[in-house]
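Taken in order, these protein sequences are the chains called D and S.
Under this note's numbering, the residues of the first sequence are numbered 1 to 786, in order.
Under this note's numbering, the residues of the second sequence are numbered 1 to 289, in order.
Simulated from the structure, these hints should not be mistaken for laboratory data.
Don't take each hint at face value.
To be verified - In silico negatives: residues of chain D with every beta carbon more than 10 Å from chain S:
(1) L4
(2) E12
(3) P63
(4) A173
(5) L416
(6) I520
(7) E592
(8) D709
As the list claims (entries may be wrong) - Restricting the straight-line Cα-Cα distance to at most 20 Å, the calculated cross-link-like pairs of lysine to any residue (SDA-like) are:
(9) D:K31 to S:V5
(10) D:K699 to S:S2
(11) D:K456 to S:Q263
(12) S:K102 to D:G714
(13) D:K408 to D:T425
(14) D:K456 to S:N193
(15) D:K699 to S:M1
(16) S:K45 to D:Q290
(17) S:K45 to D:L133
(18) D:K699 to S:R280
(19) D:K773 to S:I260
(20) S:K49 to D:Y44
(21) D:K456 to S:I288
(22) S:K45 to D:P212
(23) S:K45 to D:D709
(24) S:K45 to D:T425
(25) S:K45 to D:S706
(26) D:K699 to S:D262
(27) S:K45 to D:Y44
(28) D:K773 to S:T266
(29) S:K45 to D:K456
(30) D:K456 to S:R280
(31) D:K773 to S:V5
(32) S:K45 to D:K699
(33) D:K773 to S:R4
(34) S:K49 to D:L133
(35) D:K135 to S:G47
(36) S:K45 to D:T703
(37) S:K49 to D:Q132
(38) D:K31 to S:R280
Think of the CB as a built atom: it goes at the ideal place given N, C-alpha and C, for glycine as much as any other residue.
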Amino acid sequence: MGELKTVGKSIERVDIRAKVCGTAVYAADIKFPGMLHGKVVRCYEHAHARVKRLDLSAAAKVPGVIKVLGPKDVTTKKYNQSVIDLMASKTEGQMLGDIEEQSIFTEHVKFYGDGIAGIIAISEEVAERAAQLVKVEYEPLPVYLTPEESGAPDAVQFTPEKPGNRAFQLPEAMFPGNALGWGDVDKAFEEADLVIEDTFYTPKQKQCQMEPNSYVALFDDEGRLNCWTSGQMPKLVHEKLSRLFELPMSRVKINQTVVGGGFGARLGMVLEPEVCAMALAVPGKPVKIQQPREEDWLTSPSRHPSRYWMKIGFKKDGTPVAIDAKSVNFKGGYYLDGSALASTTGFWLQGMYKFQNLRYKGESYFTNQPVCGAFRGYGNPQTNFVLEQMIERACVELNLDPLQWRRKWHKETGDLSWLNATPYTSCALNECLDRGAAAIGWEEKRKKYANQTGTKRRGIGVAVGNHTSGAFPMILEHTTCTVHLNEDASATVLVACSDLGQGSHTTLRQIAAETLGWPIEDVRLETGDSDANGFDIGAHASRTLYVGGAAVMKACQDARGQLLDRAARILKVNRDELDMDNKTIYVEGSPERSVSARDICRVGIYNFVDHATGLPEGEMGQIQAYVSYKPEQNSPPFFATFVELEVDLETGEVELLELVSSHDIGKAIHPAICEGQMEGGAQQGLGMALTEETYFNEKGFATNNSFTDYKMLGASDMPRMTSILVENGDPYGPFGAKSVGEAGVVTPVGATANAIFQATGIQFTQGPITPEKILRAIRERGQTYV
Amino acid sequence: MSTRVLTEFDLLLPASLEEALDMLERERSAVTVLSGGTDLLVAMKAGFKTAKAMSLAHLRNLDFLAYDSGSGLRMGPRTTIAQIVDSADVKQHYPALWQAAKIFATPQLRNTATVVGNLLRGSPAGDCSAAVSALGGTLVMASAQGRREVHVDNLWVSYGVTARADNEMAVELRIPAPTKGTVSAFRRLTRVNEDLAKLNVAACLQLDGSTCTGARLAMGCVAPTMIRLPSAEAVLTGATINDDTLALAAEAVQQDISPIDDQRSTAEYRRAVAGVYLKRTVQQACGIA
């Protein structure tokens with residue numbers, strides 16, 4: 001392949017006009033004639049209780065109410081709204097202890113906002129009014145907001161399958177001693193020159209995707225269950241709904257609507273079970289559920305809060321001899337992907353530095369909080385907040401340059417990556433560090449800020465990380481792609497990959513166009529239709545471009561090959577003697593010997609007989625290619641972030657000045673999209689470090705489940721940002737590309753904490769690092785600076 | 001828990017001030033006055049119930065904003081925050097109000113929210129409320145019985161409760177004209193830039209050279225209502241503005257405030273920063289860097 005025509009260019013995004021002009025159809029925009037409205041009745045009186053008596057009679061009498069549904073009026077089959085259980089083998093799933101313990105409407109309320117009943121009515125207003133008339137008698141239960149409380153011996157059990165309310169720990173059968181790692185950590189600490197340890201808290205951050213949740217379902221006249229959803233994983237939800245409602249997959253149809261952001265909140269199911277249960281109760285009538293933001297907050301999963309203990313040991317020269325860590329996650333009311341998060345949190349730890357000895361334990365305990373699940377980074381930002389602060393502290397203690405230490409001790413190409421399963425395929429972290437340091441003026445600022453006076457102190461911090469491109473080899477990886485060449489030599493690419501706003505439908509089209517050798521206008525992507533599309537896992541694990549893109553590339557290579565094969569037969573040459581310029585296929589070196597791709601495609605479909613010869617006018621058959629693709633690698637991207645900020649010592653306020661992120665992404669298929677991912681990730685990473693946390697009162701009620709009191713950084717709060725793309729090519733990724741989707745959120749977390757450390761001389765172990773915490777810490781040290 | 005469905009209410013749309021005052025006379029506490037709506041509609045979605053909402057949208061000539069060097073600033077109950085931001089007169093003669101308006105909420109909210117609405121919401125966090133308090137504004141209340149003036153010092157009774165009688169409507173806000181040596185400023189602390197204040201301060205000082213001959217200091221989010229800071233004012237009045245007097249004033253603030261823990265911050269933090277912010281606001285008013 002010669003010079004790239006489409007890949008590597010920041011072309012206009014394929015979805016952008018519809019989104020900007022407001023014509024994109026989100027689930028909330030969907031309206032059908034005769035559509036009914038569903039409302040989930042939620043418990044806002046208790047965060048933990050048993051439903052003793054549920055009286056729906058008054059609600060049923062409200063004019064306009066079609067049906068009221070209690071727990072036994074819908075399927076009582078248990079399920080798990082997450083999809084991680086589909087991604088491990090049955091044996092592995094049993095070893096991990098994955099469970100299905102959720103009910104559509106519960107009789108054991110496990111968090112503030114848990115759903116207890118459903119109303120179907122002719123309008124949202126009527127449904128809402130009826131919901132207010134539902135009478136419930138509860139038996140209040142003790143509220144557990146921490147693993148310590150729920151794990152106490154006499155605590156009420158969330159589910160008999162998980163004694164002691166421990167939802168998960170690394171299983172002995174897979175991880176001896178319930179730990180992953182290598183070497184002899186305890187012995188190594190004895191021989192270390194410096195050992196430090198601390199316990200951190202990472203907050204319950206919410207994804208805050210722009211589109212609030214909305215779902216429509218219809219059990220149609222053919223007996224098919226149709227669901228319109230903005231889920232990230234339409235094909236896995238297809239399977240999940242089929243299982244839950246005991247319908248063959250041929251009788252379940254998923255229509256993926258335009259997705260207004262996901263970040264993991266839409267990994268698996270959110271309200272698909274509820275809306276489908278309602279639709280099944282009123283066959284032939286579409287039912288829509290639309291939630292306000294406040295309700296979304298409670299019903300879609302957030303990042304797991306965690307208590308994260310870490311101990312690390314070094315030799316005087318900085319040699320990292322041992323690391324011992326344990327993360328205890330707050331699971332929320334239900335299990336979801338309980339096995340995965342506590343594991344990956346350790347994988348990121350294991351994959352970063354060349355510690356000679358390592359031990360990691362991960363656990364999760366049920367708590368009476370809204371569920372936790374996937375959130376961009378999947379444990380990586382948590383590990384970054386802890387590990388990068390501990391490394392920083394060690395560098396200060398050992399008087400080592402933190403940038404040089406990282407340069408020296410990070411894992412490299414060929415070193416074993418997370419799970420110790422595969423070697424790193426490529427690593428340009430040193431270039432990331434060098435270019436980032438130069439862009440922000442690290443050397444000069446780091447020195448300058450080492451000695452400051454006055455009430456405003458600046459700091460500059462660095463953090464590094466790596467992530468993954470897809471979930472190989474830990475859990476399932478698989479994308480199918482089908483390509484049809486139309487009669488005019490344009491292409492339709494069928495692939496189920498989701499575009500959550502990250503731009504994947506643009507980049508996948510770029511890959512298809514580049515591979516086929518055609519303009520992007522001649523390539524159409526068909527997605528989001530569970531009938532038309534073959535299998536794809538969906539958007540998670542930063543896999544869409546790396547795995548989906550490779551599947552698209554392989555299918556397009558096949559289609560192009562078939563086209564060239566036919567041309568070779570016409571031109572009577574070998575295929576490898578041919579080249580294609582736009583739609584003309586010619587013999588290399590003899591451009592006059594050519595055939596039109598359009599003619600080949602057309603005659604394959606409109607295959608008439610030549611009356612003069614009695615033979616077909618050309619080769620019969622529409623060109624189609626299909627691939628069922630599983631990657632053999634996960635090509636982790638490496639990255640570094642530098643943050644410069646100023647702390648007001650009199651108020652504890654932090655002003656973000658500058659952020660530079662440099663990512664070793666292999667190859668930017670669409671540079672502007674890559675930068676967008678890095679900047680968007682930075683916004684969430686900075687938020688996790690500084691402002692974002694869901695708070696609960698002593699009753700377990702969320703007190704800031706809205707944008708009024710949950711504060712993300714806005715445009716005016718953001719620092720000046722520079723995104724550096726390091727493109728050295730990865731041997732496995734499509735066109736050398738590695739992932740960029742989740743990575744951006746990770747290192748701003750650690751870099752911000754480290755910058756605050758330099759500015760104040762204080763490390764903050766409890767996230768988010770608010771002015772209240774900073775000022776208290778300054779005052780506790782006896783410095784008032786007034 | 002918020003809802004997507006507003007509870008039912010009657011929307012009253014008086015076409016004249018007389019009609020509006022008649023409605024208030026008749027409906028009294030059953031009616032809630034809706035000006036910009038930026039507080040009321042949010043409250044209604046969060047469960048606040050009112051049988052009737054009387055919108056001022058059809059009343060003409062209530063969005064005036066006029067400055068006269070003798071009589072000062074006059075504005076109507078429909079005058080928006082955005083109008084304040086756009087006013088060169090406000091910027092020049094009432095820096096505290098202009099600065100409060102400039103960073104008030106978001107552009108969309110500034111286009112509809114009103115200064116008078118901010119005052120009558122009776123929130124201890126109102127940014128324009130702090131500025132008007134320091135600047136010594138007066139609301140003109142009208143009812144079917146006639147008019148009366150309510151000075152801002154007497155406006156806020158308790159959290160969310162004002163001196164407005166239920167048959168009254170504010171028809172004008174007056175702020176006295178500055179004289180030679182009048183300076184003012186506003187500052188606030190928030191969690192992120194576009195946010196409600198976790199603490200706000202406005203200061204209006206009368207200076208004779210570097211001597212303060214009069215001070216009106218207002219602080220928000222440190223009591224059930226927006227409050228004046230009498231102890232700090234006493235320290236500054238008659239004193240030369242310098243680091244020492246500012247430190248004394250900052251210390252004196254502690255006697256004036258009674259902050260609590262809430263969703264936006266803690267009592268401890270507010271106590272810790274109240275003096276610092278007062279000092280900075282006075283410095284800003286006086287042009288001390």
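If any of the earlier hints don't hold here, list their numbers in rising order.
Hint check: 8, 11, 18, 24, 29, 31, 32, 33 and 38 fail, others pass.
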